[in-house]
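Engineer: Letter by letter, the chains look like this.
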Amino acid sequence: MTDSNEKIPFGEKLGLFGYGYKLCAKMTPSYIPLMIFQALLISAQPLVVLFFSARILDELSGGRDVQAIILYVSITVGATFLMSIIRAFLTREVETTARWEMLYQRIRMMKGERFAKMDFAHAEDSSISEILARMDTQMRGNGLGLLNVYSISPSIAQNLFSMIFAWMLLQGPFAMQIHGEVRWPVWALFGFFVVGIWFILRLQVRLQLMLSKIYKENAKANTAARFYNKYVGADEAAKDIRLYNQRDSLMGIFKSSFDLSQWIPYFYFMGRTNGVMLGLLAVLSGGYYLIAGYSALGGTATLGGIVQSVGAVTIFAMSIGSLIMSLGQLFNNAAFLKPMQEFLSLPDLLVKGNKPVPPPQEHQYKFEFRGVSFRYPGAEDYALRDLNLVFNVGKRLAVVGQNGSGKTTMIKLLCRLYDPTEGEILLDGINIKEYDYAEYTALFSVVFQDFCLFPFELGTNVAVGADYDKDRVENCLDGAGFSERRESMPSGLDTILYKKYDEDGIQVSGGEAQKIALARALYRDAPFVILDEPTAALDPIAEYDVYTTFDETIGDKTAVFISHRLSSCRFCHDIAVFEHGKLIQRGEHEELLAEEDGLYNKLWEAQAQHYVG
Amino acid sequence: MEKVKDTPRRGYLMTGIRDALSLYWQERKILLIFCGLAVVMRVALPYLGIFMPKLVIDQITAQVEPMTFFITVGGMALLLVLVNYVKSFTDSITDNAIGTVGIGLTFFKQIVRWMKMDFELMESPDYKEVEDKADKAAHSNHAPAMNVPRTLVELLSNIFGFLLYASVIVIVHPLILAVLAVTAAINWLMLRRARNYLRDTRDERSKLYKKINALGDTMRDPEAAKDIRLYGALDWLCTFYDKQFRAARKAERKLISRDMHSQITDALMILLRDGAAYAFLIWLVLNDNMTLGDFVLVFAAIGGLATWITGILTASADLSRACIERNDISDMINYPDRMNTGKGIPLPEGKDLPPSIELSGVGYTYPKAEKPTLTGINLNIRSGERIAIVGANGAGKTTLVKLICGLYTPTEGTVSLNGKSVSEYNRDEYYTLFSAVFQDIHMLSTTIAENISQEPPESTDTEAVLKCLKLTGLYEKVKTLPGRENTLLVREVEPDAVELSGGEKQKLAMARALYKDAPVIVLDEPTAALDPIAENEVYQKYAELTEGKTSVYISHRLASTRFCDRILLIDGNVIAEQGSHDELMALGGTYANMFDVQASYYQEDNDFGNGNGLKTSQAV
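Quick note, the sequences are listed as chains W and X, same order.
For the first sequence, the positions run -1 to 611 when the numbering used here is used.
For the second sequence, the positions run 3 to 622 when the numbering used here is used.
Chain W extracted, bound-state conformation:
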């Protein structure tokens, strides 16, 4: 959505700039005051030393008052010591809140929480995932975005203070007389410096352009390289690379993502730009030596004055240079805050009512789809068209149909992952939008085809929480046909699934994962159970076991089975057949089979012919 090269108007940049600090103050309230205090100390220290060592030098070359010398020396070393100690303590506080690792995690968490809270439609929107991925790359690779606000702010504060303090030693209250009547060389020198800074800024702009050109030209190659970087791993496409001999073409992609003949000139140019900057500073301090030295020869300046003013002018010029660059960076960074702002301020579209849902104990729920049509955001075609369907709790409903016929979409609408584009879904005659969202979703135990287990302990996965009833979790796992495997788990319910969270985690196969997901649905004990292709990864015996045990375990609850295996229909007296987003047949197995031109008959025969006769 937001390209970092895209032109953002100045006003908006300024707004984003402020937005960055607002986030910063919200995420780490103590950071800004601590950082400013730290910057004050860091910038004051060298100038205090400079001032008093100049006094020592003057005393040594002039009056040689031992008392005064002792005083100045004590102040120099004492102040340095004191400031260093305070700084050390401050640094610890600043680092604890704003160390890279800590910030990185805080920012990730902020994004993760937002992602988990936002409308499901956004979560499934690939452009949102792309924004997130881009923010991550910018943050991880180049420390851009919010991280940049943290990394540049100290340098801005320090340079600003340094500039002020240096000015005080140069022209202000603590300045020393270093020139006689002739002042033009000083002005000439400053004039030269200003022109130099302007020149350097132009070089910097060119340098930035070079970099963004490299990134732009390689953006595609980099995306591809990132993709294929995973691709070459053992658990990805290593088999394909070998069996289909993909090495050479992949190597070509990798080579084009990192082109030395683009990077080397960039580094040379960077070196020259930095060289001009430091050279300019050397010109300034050299010029000051000449001016101050000449005055000293004439007796209008002291040795301490020379040391102080040359030191101060160097610090002054350096901090101006760095300040300009830091401000420039911070300003460039504003563009990278835009995706963050967009992401954090995505609007919620789902209507969330507050009607209480009647408790399940004494209640028979009745769901009704009334003229429901649905189109996925951004899609042209309807995924569901004019669906009318009524069902009561306590039944088994089978939903069948070919790939893409709208079966899963119907479930997503029922569970309020999406709201219908047209029509309404009613629970006991009331639109489901009007119910309290959490209470409403608590009515369902769903196992989606692409269910996802969490890479944590087995027990917490089943219970979806850390405090759980151990016996019930075990019963549910057994009910889902997982008992044998559960007993062989190294740490029982505390065994961690997958290796993502912990190296000692165990890998579970697709079939095993499916059983755990089934157990999770059982543990939830919701009045309404929905299984979307629950046995695709299971072998025939396991499939049979799942159907029979599951059917028993859920007892009086309502169940909806979605399956390619029409065998599941044998558990249901009520079958709905979908095609191209429409409900085209509804009834009992025998009835539907009797409609010889019907899709159900066709689907059934396609499978049954191999088993019968």
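These are calculated hints, taken from the structure and not from any lab test.
Treat the hints with caution; some may be incorrect.
[To be verified] Incomplete in silico selection of chain X near chain W, CB under 10 angstroms:
1) E29
2) L57
3) F72
4) G106
5) R207
6) M221
7) K228
8) D229
9) L232
10) F247
11) A269
12) P458
13) E460
14) E496
15) P497
16) V500
[Said to hold, decoys possible] Part of the chain W face toward chain X, derived, beta carbon under 7 angstroms:
17) R97
18) R106
19) A121
20) P453
21) K498
22) H562
[Unchecked claim] Pairs of lysine to aspartate or glutamate residues, derived as DMTMM-like cross-links and limited to a Cα-Cα distance of at most 25 angstroms, are as follows:
23) W:K211 - X:E29
24) X:K209 - W:D134
25) W:K237 - X:E494
26) X:K370 - W:E482
27) X:K481 - X:D519
28) W:K497 - X:D202
29) W:K497 - X:E131
30) W:K211 - X:D498
31) W:K498 - X:E372
32) W:K218 - X:D498
33) W:K228 - X:D498
34) W:K600 - X:D202
35) W:K237 - X:E387
36) W:K115 - X:D134
37) W:K228 - X:E527
38) W:K350 - W:E340
39) X:K370 - W:D492
40) W:K228 - X:D134
The beta carbon of each residue, even a glycine, is placed where N, CA and C say it ideally should be.
Given chain W, work out where chain X should sit, using these hints.
Structural biologist: This is chain X only, laid out in the frame that chain W set:
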């Protein structure tokens, strides 16, 4: 882990430095030359910086002629301008270019190794450990192993800088050096304490961060989004996260406290050092006629010397670590293959195709597994035979297929093709004999046609591509796409790409296998994601698809086995039953039982589904 770290192998410094330097030497020699120049500049600039005030003060105290002053000081100032310029330039090379170039070149080497490695090794825990270490060593352009030349520059410039400054100080009094050495050593000890703590806690912290990352990833995983919402998992995840984050914060703070201790020691040492230096030097000025120029120079040299000493110690520790990690990378790049990657015997051709495959006493035990997955498999697949493999989840069907394809080497027995052991063939040539479809399907970010041909457009036979698309039934979908067979795939890389559904991907993979037209076809559950009608089409065409090939087909859907000449049932690590469908049904064993279970759903007269669901159900 700890022990390994403490005793790096012999000669690790030499090999590390050699490996790193040769990387740059092969690609861009000039970068190393700039590094050499950087050493000179890094010593020259600080020295000229402290020498300049002395020069100015000396000239002024001597009350030289203004012209002399302008020439000497002006000349010196010009020299400083030049040195500043050159140093900035070489610093950009050592501090920026070296790391970026290093990681790019290392990455290429790693990728090449990955792609050429025995598949089996990639899955082995022994290799994984080596790879993990290498990955850690090459994690960013700032990683020590990517910056060996830079660290060398630092070490050398600190040594030369030390020698230069020491020679200035020693003239005044040799004892000063001894005092400075002591304060620097104390400093170093504190610094090392902090660094060692950082090193010793690295594994622990990276484990913590791994956990936090896994939590963060889960929260924002679009695939987990449904489950998080419908199971109300967010609160739990957040509490969990807070707990982990606090633990990480505590660990970091401990680390930062060590840094703080080191900073406080440093401040204390500076207090002592500068206090003593001032006292001694001022005494010399007042009583021993030390010139003010020398006072300024020596005082600055004393401050600078401490930096050089710390620099030497830090840089040598850095270099040592960088070399250890560079060796970790070399270990991965040089990890030996076990299969035959040299010259192999010629592949069968002409009348020797399709080949026969023989397994005699073949067994396979996964690395670190206690029990074999397969054992004592004797199997003779005749030329052109259609084999079906069935069995429960985890029985070892896919393992058997991987052994046949030469992705795994048997841990017992031998696999032979046309009577010759697989190990006699060149590994990569052997792969050309197989058209395989595995359960996990991966696509390249190119067009559909190229995904099928695995060739660039100019050498892709479009006719053949279309034929394969039609055979697998994907053509119906392809013809509705705006770019037809030239439509791009993989949205992650190509924004205009189409997303294929699971079933369509399976069809694509099958088309790719057909296009390859290899003499052996291997299909591992190719219809799991297909709807009944599409699945049936595959069965119907199976004979046509495998005409004139030797084929192996794995499926849970027992119906599919009817199209094969022979069915193998894998159970209890062995081939438990084999024969035609009718033979196995007559045998009445596990296969017959499995088939009956599946078939029972489809038999009209079966009294099915007496569960509660049926009892309570009623027509709506």
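Engineer: Confirm or reject each hint.
Structural biologist: Here is how each hint holds up against the structure:
| no. | hint | verdict |
| --- | --- | --- |
| 1 | E29 | holds (6 angstroms) |
| 2 | L57 | holds (9 angstroms) |
| 3 | F72 | holds (6 angstroms) |
| 4 | G106 | holds (4 angstroms) |
| 5 | R207 | holds (8 angstroms) |
| 6 | M221 | holds (3 angstroms) |
| 7 | K228 | holds (6 angstroms) |
| 8 | D229 | holds (5 angstroms) |
| 9 | L232 | holds (5 angstroms) |
| 10 | F247 | holds (6 angstroms) |
| 11 | A269 | holds (4 angstroms) |
| 12 | P458 | holds (7 angstroms) |
| 13 | E460 | violated (13 angstroms) |
| 14 | E496 | holds (9 angstroms) |
| 15 | P497 | holds (9 angstroms) |
| 16 | V500 | violated (12 angstroms) |
| 17 | R97 | holds (6 angstroms) |
| 18 | R106 | holds (4 angstroms) |
| 19 | A121 | holds (4 angstroms) |
| 20 | P453 | holds (5 angstroms) |
| 21 | K498 | holds (4 angstroms) |
| 22 | H562 | holds (5 angstroms) |
| 23 | W:K211 - X:E29 | holds (23 angstroms) |
| 24 | X:K209 - W:D134 | holds (21 angstroms) |
| 25 | W:K237 - X:E494 | holds (21 angstroms) |
| 26 | X:K370 - W:E482 | holds (22 angstroms) |
| 27 | X:K481 - X:D519 | holds (23 angstroms) |
| 28 | W:K497 - X:D202 | holds (23 angstroms) |
| 29 | W:K497 - X:E131 | holds (14 angstroms) |
| 30 | W:K211 - X:D498 | holds (23 angstroms) |
| 31 | W:K498 - X:E372 | holds (24 angstroms) |
| 32 | W:K218 - X:D498 | holds (13 angstroms) |
| 33 | W:K228 - X:D498 | holds (21 angstroms) |
| 34 | W:K600 - X:D202 | violated (66 angstroms) |
| 35 | W:K237 - X:E387 | holds (24 angstroms) |
| 36 | W:K115 - X:D134 | violated (35 angstroms) |
| 37 | W:K228 - X:E527 | holds (24 angstroms) |
| 38 | W:K350 - W:E340 | holds (22 angstroms) |
| 39 | X:K370 - W:D492 | holds (22 angstroms) |
| 40 | W:K228 - X:D134 | holds (14 angstroms) |
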